[in-house]
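Trainee: Spelled out from the first residue to the last, the chains are:
Number of protein chains: 2
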Amino acid sequence: MAKVVKTVLVGLGNVNLGLLKILIDKSEAIAEQYNTRFKIVGVVDSSGMAISEKGFAYEDLINLKHNKGKVNEITGFLPKAPEFIADCIEADLLIEGSPVNLEHDNAGIKLIKRAIIKGWHVVLANKAPLVLAFDELTSLAEQHKTKIRYSATVCGGLPVINVLSRDLKLATLQSLYGIFNATSNFVLQELEKGVSIEKAIKEAQNIGAAETDPSLDISGQDTANKLYIIMKSFSDFSGSIKDIEIEGIEKVTAEEVQQAAKANTQIKLVASAYKKGREWKLEVRPTTVAADSFIGSIKGWEMGIEIKSDLYESISLKNYEADPTGTCAAVLRDMLDIQPR
Amino acid sequence: MAKVVKTVLVGLGNVNLGLLKILIDKSEAIAEQYNTRFKIVGVVDSSGMAISEKGFAYEDLINLKHNKGKVNEITGFLPKAPEFIADCIEADLLIEGSPVNLEHDNAGIKLIKRAIIKGWHVVLANKAPLVLAFDELTSLAEQHKTKIRYSATVCGGLPVINVLSRDLKLATLQSLYGIFNATSNFVLQELEKGVSIEKAIKEAQNIGAAETDPSLDISGQDTANKLYIIMKSFSDFSGSIKDIEIEGIEKVTAEEVQQAAKANTQIKLVASAYKKGREWKLEVRPTTVAADSFIGSIKGWEMGIEIKSDLYESISLKNYEADPTGTCAAVLRDMLDIQPR
Numbered sequence: 001m002a003k004v005v006k007t008v009l010v011g012l013g014n015v016n017l018g019l020l021k022i023l024i025d026k027s028e029a030i031a032e033q034y035n036t037r038f039k040i041v042g043v044v045d046s047s048g049m050a051i052s053e054k055g056f057a058y059e060d061l062i063n064l065k066h067n068k069g070k071v072n073e074i075t076g077f078l079p080k081a082p083e084f085i086a087d088c089i090e091a092d093l094l095i096e097g098s099p100v101n102l103e104h105d106n107a108g109i110k111l112i113k114r115a116i117i118k119g120w121h122v123v124l125a126n127k128a129p130l131v132l133a134f135d136e137l138t139s140l141a142e143q144h145k146t147k148i149r150y151s152a153t154v155c156g157g158l159p160v161i162n163v164l165s166r167d168l169k170l171a172t173l174q175s176l177y178g179i180f181n182a183t184s185n186f187v188l189q190e191l192e193k194g195v196s197i198e199k200a201i202k203e204a205q206n207i208g209a210a211e212t213d214p215s216l217d218i219s220g221q222d223t224a225n226k227l228y229i230i231m232k233s234f235s236d237f238s239g240s241i242k243d244i245e246i247e248g249i250e251k252v253t254a255e256e257v258q259q260a261a262k263a264n265t266q267i268k269l270v271a272s273a274y275k276k277g278r279e280w281k282l283e284v285r286p287t288t289v290a291a292d293s294f295i296g297s298i299k300g301w302e303m304g305i306e307i308k309s310d311l312y313e314s315i316s317l318k319n320y321e322a323d324p325t326g327t328c329a330a331v332l333r334d335m336l337d338i339q340p341r
Numbered sequence: 001m002a003k004v005v006k007t008v009l010v011g012l013g014n015v016n017l018g019l020l021k022i023l024i025d026k027s028e029a030i031a032e033q034y035n036t037r038f039k040i041v042g043v044v045d046s047s048g049m050a051i052s053e054k055g056f057a058y059e060d061l062i063n064l065k066h067n068k069g070k071v072n073e074i075t076g077f078l079p080k081a082p083e084f085i086a087d088c089i090e091a092d093l094l095i096e097g098s099p100v101n102l103e104h105d106n107a108g109i110k111l112i113k114r115a116i117i118k119g120w121h122v123v124l125a126n127k128a129p130l131v132l133a134f135d136e137l138t139s140l141a142e143q144h145k146t147k148i149r150y151s152a153t154v155c156g157g158l159p160v161i162n163v164l165s166r167d168l169k170l171a172t173l174q175s176l177y178g179i180f181n182a183t184s185n186f187v188l189q190e191l192e193k194g195v196s197i198e199k200a201i202k203e204a205q206n207i208g209a210a211e212t213d214p215s216l217d218i219s220g221q222d223t224a225n226k227l228y229i230i231m232k233s234f235s236d237f238s239g240s241i242k243d244i245e246i247e248g249i250e251k252v253t254a255e256e257v258q259q260a261a262k263a264n265t266q267i268k269l270v271a272s273a274y275k276k277g278r279e280w281k282l283e284v285r286p287t288t289v290a291a292d293s294f295i296g297s298i299k300g301w302e303m304g305i306e307i308k309s310d311l312y313e314s315i316s317l318k319n320y321e322a323d324p325t326g327t328c329a330a331v332l333r334d335m336l337d338i339q340p341r
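If you read the sequences in order, they're chains S and W.
Position one of the first sequence corresponds to residue 1 (the numbering used here), numbered consecutively onward.
Position one of the second sequence corresponds to residue 1 (the numbering used here), numbered consecutively onward.
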């Protein structure tokens, strides 16, 4: 008998829909290789929460969203504030896949905290709770002996967080440089072709890869959020998100990008972390790099990172994802990491 | 009190010497973060074996090698065949860091098998036992509930094996392309400068990165060994090392490399695995690639891999290591992975 993991989904957007599709496609492998079945006993969206002891069918939730339905239309809807879902149903695991909202995410954080206190493990694809309350959430989880995983929050399916925390064991980070936002990287590439920034952003939204609010991509805030999560996870950086100097690509012109290309360079929205004396210096800004450097080689929809450390010299990772499948697969990898085999 | 892991080192070459240096440099962090101390209770080299219940000092073993000494000169030497070391001392962990020898490694494999049967965990930096007896060793370990780790056998410190086996969970491999041998990659780069192949190989040996027998690098055999280990670890490939078509760089001329460069391409010694119908096709051969492709961007002493899968589309990793420290750190990462925290 497969072990049943009672799971609650927060958000029914691209990430959790993609996750449900993978759960259908790979259900046999999950059962065979991990002896596990994920039963969705609760769902939360902007309309409220619904619960089901016997579990929602994956297909029903996908169909609900395809028909532009909301959680308040399904059997199991509870007229209560979603942040109290951990008081309404028993579960093992919370998946936070709602859109990033740095302004008004107090309800989301309260929901996660109540889940941790109930002993649920947490997998996050949403960066906001980590950016707003990294220390609070990780120490609460430690206190309640639950696990928090969030490898999907940085560069989609690229295992940046996992490589840093599991493979670079005992290494001391010296510096890192990365391109963490594919939308802005794509926009810069379009500028080189002479396309206007407004048109390029529109195209990124049509492709569906831009954040719900694309200003997060263009302003460098999304990149800074990821840099913050990486540095909190792996280094002795103890500052806040406000310690990152952020400059977006709003003012970069097609002419500048084209001039750079002529000189065999590229203008990229680069996140960097390096030591200045004893302190970490964290920056996000448009930066001119050599076209044949690793950062310069990260094209269009790609994202990547170059990590320098005492033991491993230089390790570079990059990925290409045309759709959110890699991000959704990263959520599933975290869900399986939490479940002991 | 730190948990003491009784450890036996096989080989006192670059890998295990580098490991001992890291154990000294990071001993405090190992104790603090992992509550562990590795006590070296046995060492094996070509002269025989030596054992010590109270443990050899890391520094003494380093000094022994620096003075070109052998194990048969130290207190604790036993006049017995090294393959029986698991019968001569109690230990928890075997580190196999001897040079690759595909012709005559039966004694090495016997040593590992006796260790597994005694319940020792095994960390390999030496590829030969895996190439010669992958299935036998992994199933013996499963049977005796011991662990085998070998992330150091492929691309030094680059976590190729770990990313494939832990991060690409449930993904189905579609294809991979890689440069797994830095020496031959460096030699090809020297050819482009007009240096002769003999002189380039000599320089690689002076730098100390070539295998003890550089023909393994140049013939493509080392690359094939790594491709085999990857495919046995992560795919449904069930063939033997002999199923890999191998062509080395012996016949590549400076002129060819220079012609390629003029056409904005590069000749690289590429390992590839892709499906032909239902069967895997594995090859190692000099291949012309675009200079601005990921494989084309792997320069000189770098190594790297591009992995395509159903869930993660394209993930690429590369590293630069001027010395064996990354490989030694990968051995240590495996040693710590085996020890539960």
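Among these hints, one or two may not hold up.
All copies of an identical chain are treated as equivalent in the list; a pair is satisfied when it fits inside any one copy or across any two copies.
As a list, the in silico SDA-like pairs of lysine to any residue whose alpha-carbon atoms are at most 25 angstroms apart [as the list claims (entries may be wrong)]:
1) K110 to K147
2) K147 to Q33
3) K275 to N63
4) K145 to T36
5) K299 to N264
6) K251 to S139
7) K39 to G69
8) K276 to G55
9) K308 to L23
10) K6 to L170
Simulated from the structure, these hints should not be mistaken for lab results.
Trainee: With reference to the structure, classify each hint as holding or not holding.
Mentor: Hint check:
When the C-alpha separation of K110 and K147 is checked against a cutoff of 25 angstroms, the pair qualifies only within one copy, where the shortest distance is 17 angstroms, while the shortest distance between copies is 41 angstroms. Both within a single protomer and between protomers do K147 and Q33 lie at most 25 angstroms apart by alpha-carbon distance, with minima of 21 angstroms and 18 angstroms respectively. Taking the shortest alpha-carbon separations for K275 and N63, neither the intra-copy value of 50 angstroms nor the inter-copy value of 35 angstroms comes in at or below 25 angstroms. In this homomeric assembly, K145 and T36 come within 25 angstroms of each other (Cα to Cα) both inside a single copy, at 21 angstroms, and across copies, at 22 angstroms.
Taking the closest pair of Cα atoms, K299 and N264 come within 25 angstroms of each other both inside a single copy (14 angstroms) and across two copies (18 angstroms). Neither within a single protomer nor between protomers do K251 and S139 lie at most 25 angstroms apart by alpha-carbon distance, with minima of 40 angstroms and 60 angstroms respectively. Taking the closest pair of Cα atoms, K39 and G69 come within 25 angstroms of each other only inside a single copy of the chain (21 angstroms); across copies the shortest separation is 62 angstroms, beyond that limit. Proximity of K276 to G55 under the C-alpha cut-off of 25 angstroms is found in neither arrangement, the shortest distances being 53 angstroms within a copy and 41 angstroms between copies.
For the identical chains of this complex, K308 and L23 are inter-copy neighbours only, at 20 angstroms across copies versus 36 angstroms inside a copy, given an alpha-carbon limit of 25 angstroms. Taking the shortest Cα distances, K6 and L170 sit within 25 angstroms of each other only across copies (20 angstroms), while inside one copy they are farther apart (35 angstroms).
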